[in-house]
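Using the sequences provided together with the hints, build the complete structure.
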Amino acid sequence: MKRIYLDHITSTPLDPRVFEAMKPFFMERYGNPSAMHQEGLMARDALQKSREQAASFIGARRADEIYFTSGGTEANNLAIKGVAYASQRNGNHLIISTIEHPSVMEAAAFLETQGFVCTRVPVDREGRLDPEQVRAAVTDKTILIATHYANHDIGVIQPVEEIGRVAAEKGAPFFCDANAAAGWLPIDIQKIGAQLLSFTPHRFYGPKGSGVLYRNRKARLQPIIHGGGQENGRRAGTENVPAIVGAGLACELAGREQAERAAHAGVLQKRLIEGLLEQVPYLILNGPPAGPRRSPVNVSVSAEFIEGESQLLLLDHQGIAVASGGSCVSKSLKASHVLKGIGLDEALAQGSIMMTLGRENTVEEMDEVARALAGVAAKLRAMSPLWDQFQKGRIDSLVKPRPKTDGRMNPLF
Amino acid sequence: MKRIYLDHITSTPLDPRVFEAMKPFFMERYGNPSAMHQEGLMARDALQKSREQAASFIGARRADEIYFTSGGTEANNLAIKGVAYASQRNGNHLIISTIEHPSVMEAAAFLETQGFVCTRVPVDREGRLDPEQVRAAVTDKTILIATHYANHDIGVIQPVEEIGRVAAEKGAPFFCDANAAAGWLPIDIQKIGAQLLSFTPHRFYGPKGSGVLYRNRKARLQPIIHGGGQENGRRAGTENVPAIVGAGLACELAGREQAERAAHAGVLQKRLIEGLLEQVPYLILNGPPAGPRRSPVNVSVSAEFIEGESQLLLLDHQGIAVASGGSCVSKSLKASHVLKGIGLDEALAQGSIMMTLGRENTVEEMDEVARALAGVAAKLRAMSPLWDQFQKGRIDSLVKPRPKTDGRMNPLF
Amino acid sequence: MADDKQMTPYTKTVMDHFLNPRNMGDMPDADAEGTVGSAACGDIMKVFLKIQDNRIVEAKFKTFGCGSAIASSSMATEMLKGKTIDEALKMTNRQVVDALGGLPAYKMHCSVLAEDSVKAALHDYLRKHPEAVPAGYVVPSKEEEQAANAQTGHGEH
Amino acid sequence: MADDKQMTPYTKTVMDHFLNPRNMGDMPDADAEGTVGSAACGDIMKVFLKIQDNRIVEAKFKTFGCGSAIASSSMATEMLKGKTIDEALKMTNRQVVDALGGLPAYKMHCSVLAEDSVKAALHDYLRKHPEAVPAGYVVPSKEEEQAANAQTGHGEH
Ligand SMILES: Cc1ncc(COP(=O)(O)O)c(C=O)c1O
Ligand SMILES: Cc1ncc(COP(=O)(O)O)c(C=O)c1O
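Residue numbers (our numbering), protein chains in the order written: chain A, 1 to 413; chain B, 1001 to 1413; chain C, 2001 to 2157; chain D, 3001 to 3157.
Simulated from the structure, these hints should not be mistaken for laboratory data. Don't take every hint at face value.
Once the Cα atoms are required to be at most 16 angstroms apart in a straight line, the calculated EDC-like pairs of lysine to aspartate or glutamate come out as [what the hints assert, rightly or not]:
no., chain 1, residue 1, chain 2, residue 2
1, B, Lys1392, D, Asp3026
2, C, Lys2050, C, Glu2033
3, D, Lys3128, D, Asp3053
4, A, Lys392, C, Glu2143
5, A, Lys2, B, Glu1274
6, A, Lys270, A, Asp367
7, B, Lys1023, A, Glu20
This one's a predicted model, so the numbers in the text were calculated from it and none came from an experiment.
This is the structure we're talking about:
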């Protein structure tokens, strides 16, 4: 059975061209890039090439502004803690939004246990952060403003250029988490004006085990993994050479093919959203409508009166891979803090599923998914005591409230 | 030209069997192990298998005592900082030796900037740590005793079982850095009695980008990379599935073949040391003699009157890959703190080169290396003003002092 | 994908009860019913019972929740059938978990919910039929029950 | 390995001068010599000069040190030949680096050492031949020179 994979935010298959590029570095060019012999120098050379590819992918001027890490989460931790520890003497205040990726939320929460203070600026109902609210949160102790380019759960795109300008005016470094954006949205670090920016090539057909942190040389940064002098003293440990080689090529390919990939995803996204809204009653789209405020790969919906994991499992049983709840971490089946952050009703948050599109998806697949979710929702509603209550008129729908004909309608219980 | 690779401490080629096991996880089984769909579950399953392989490799009783990281350096940082932060309320004192790997030295130094206090216990002239000195260093604030099983630079084996007993008596957790030992020396966590133990399979034909931290469930541990709930909440970030799969198999193979690999290395080690001492005048072995106190893969020597990097480059030019100075980090060409730690004269430390053997090395290669180094030393001595001084009787050799015939001999200038 | 082995996040029994739930549905002529959980917390379970001569002759459920919540309801209702009230009151979440072949640690609460919904239905019956209360058993009032369930985080809202 | 391209940690010129050092050797009849550095710091450079009519007619070196130290000595002595004392005194480490096609940042000190060893040899000559001191140039005493070199971390010990 050919499966339909709609969970590209958590993992993408490796591009065969990238795999080919990585291959020699496993058994033949296996040297350690810190070593001064031939084997080492070859690896060093390969790293340098990747650094240039990654730099040019985001419009960085210098390859030595690129630091390789083991992934997006580590890059985010490095940016946030690295700046915090390096700026300890100047202040202790950080600003993030309420809907960051867990790697940002939890890094900030850890710093709070160590004497730092963090302001979490709320977002609007689409998930958008208001640059003016960011400005208002800045104090003379602010050492970092951090937010994401695109949200992992609901695909909302943040006004990062404006936030970059606020940061510049206030003289605070700005860290942009571009993990959910890179490969699918154009990234120009000069326009964004961030001192730090992270992304991971495994979001766009690069290998797992690689992440990138861009750092402008003006931003102070302490390592969070201490040891040898690798990555210019900012990230110790033997480099994962094959992964870095793959990361470099994945950047180059994504840079070249980004517009095309995004256009393809955008077509599918529109089709899928329309299909779902048509075929699944009492379903809403979470986050902004398809268009300039939403990443073209993200479709997050909530089907009312049913729960998300059970939808996921039934879809999976029918050959369709989706995510539910907390995206990268659906094991923690708490309703996502992102959906809470946009003020979504908790029951609807429990019913959310998240689909992220990729280049191998097709229009036909989108139609099949809409049909399949319609069936799944019907099956689960038949089991749901909430649906029962709704059918009997004891509770109302939040998605499509009944016309108020008498006073007997209650809100969702 | 067939090269002779003698830098296995910094990198080993991937075992072809390991590569085969990893391959499907790049383009076919690419799911994220946190996801609940088929693709994710397959990856989860693979991770579980690796966890079991790694656990059984070191004699751990439970697979969930194994945490995968991006490498040995990260595992060391996680152990040291993770225990420190988790024990912040109970104390702030750490104990290490003076000759740990930079990842341990620097992690401890960082903690010192954050209010922790670290005692660095000196070692003897072979590099061996005295368990009684460790005991004497313990205070009622001690939250961690950390040392390595084998040293990366000079191969000395520490009395880890005795140190484990001291730690147990004193009620302090013991972290054993087994990065330079694993794969080459037998590791039985039950015998060592460490609460935490780290190693990286890329030291024994596993992939780069993977490290392992064993943690007994009694030891408190905070993550150092925060975010999602991966690795049981102790190490966030999308798992590097292919690397972890490779790590697991590398452990299984090393477990099965360790005795044989070690015996082979031991034969080569003896041959190489004897050849070098015979053929290169004024050369000493750093660290303990070949035998039970020394890892069978390590040969560290200092040739007097010449410097290490130039030896490395000339050997490399002749097709022989060795390391010089600071092992994993030979870019920082400061004389290794390990050689300083064993009290080696600084000039001799500058002249050190380090060779680490692997399973593909042969006896013939050992003979060739001894011959080659003899030539290299002669060439560099011809250039060396120190050799000149020695020849003219103005300075003496530390390695082989001249018989005292008159009063005109000076110590090395 | 590389092979066609079906992977499951739960045991085979859990998946079977999730995909083919037993006793799912309404019971308009139920002798008793009990509901616990809340949509906001992600699970609601409703259990219906038909009881004759102090013995459960039919049990049905409706559940809003995850795979293991549905499977736990299915298994719990299956286990109830034929039990006396006394036996049913002694049924524990552990028995449900064991019958399911185990649940992941972070899903244990589903089995607790199943136990509680069964108890809620039994209590509903016992409040209407005080003569059926087993000797020594104290039936909580509806208010007490709701308060207790709210404490464990799955009270009906 | 996958291909036979020769990789080098330094420029081609550095490697050439390291593998085939020019002007390496003793000069028993030198008119002047200068030594800087220490074995403990990893580099010692000794420069010998033969000087006729205020012009350097021959330069030789001996070096204990890394690849770029040897290459820097080789290049510096090469550049010295034919220079007047005045010109030689103005030779900078930057010129050595440029002639070598560059050095990694963490190896710059090797070129500084080359400059300093040349200066030390020139000063040795000038102390013996005060008549050759260029107008306005102040020759440090041997003690001053050693103190200065010790400060920059490569004094002769
Ligand atoms: C916005 C955002 N930040 C960070 C990450 C973490 O990346 P990783 O799972 O590679 O560590 C992700 C993952 O998708 C993300 O979407
Ligand atoms: C004793 C010791 N600790 C830690 C490490 C660090 O491992 P990695 O370079 O994989 O991060 C090494 C590397 O060889 C080592 O020998």
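Hints, verified against the model:
1. B:Lys1392 / D:Asp3026: Between Lys1392 (chain B) and Asp3026 (chain D) the Cα gap is close to 12 angstroms, so the pair holds against 16 angstroms.
2. C:Lys2050 / C:Glu2033: 9 angstroms, holds
3. D:Lys3128 / D:Asp3053: This hinted pair holds, its Cα atoms lying about 14 angstroms apart.
4. A:Lys392 / C:Glu2143: Not satisfied, since the Cα-Cα distance of roughly 25 angstroms exceeds 16 angstroms.
5. A:Lys2 / B:Glu1274: Violated, at roughly 62 angstroms.
6. A:Lys270 / A:Asp367: Given pair Lys270 (chain A), Asp367 (chain A) holds - Cα atoms ~11 angstroms apart, limit 16 angstroms.
7. B:Lys1023 / A:Glu20: Since the Cα atoms of Lys1023 (chain B) and Glu20 (chain A) sit roughly 11 angstroms apart, the hinted pair holds (cutoff 16 angstroms).
In summary, the numbered hints that this structure violates are 4 and 5.
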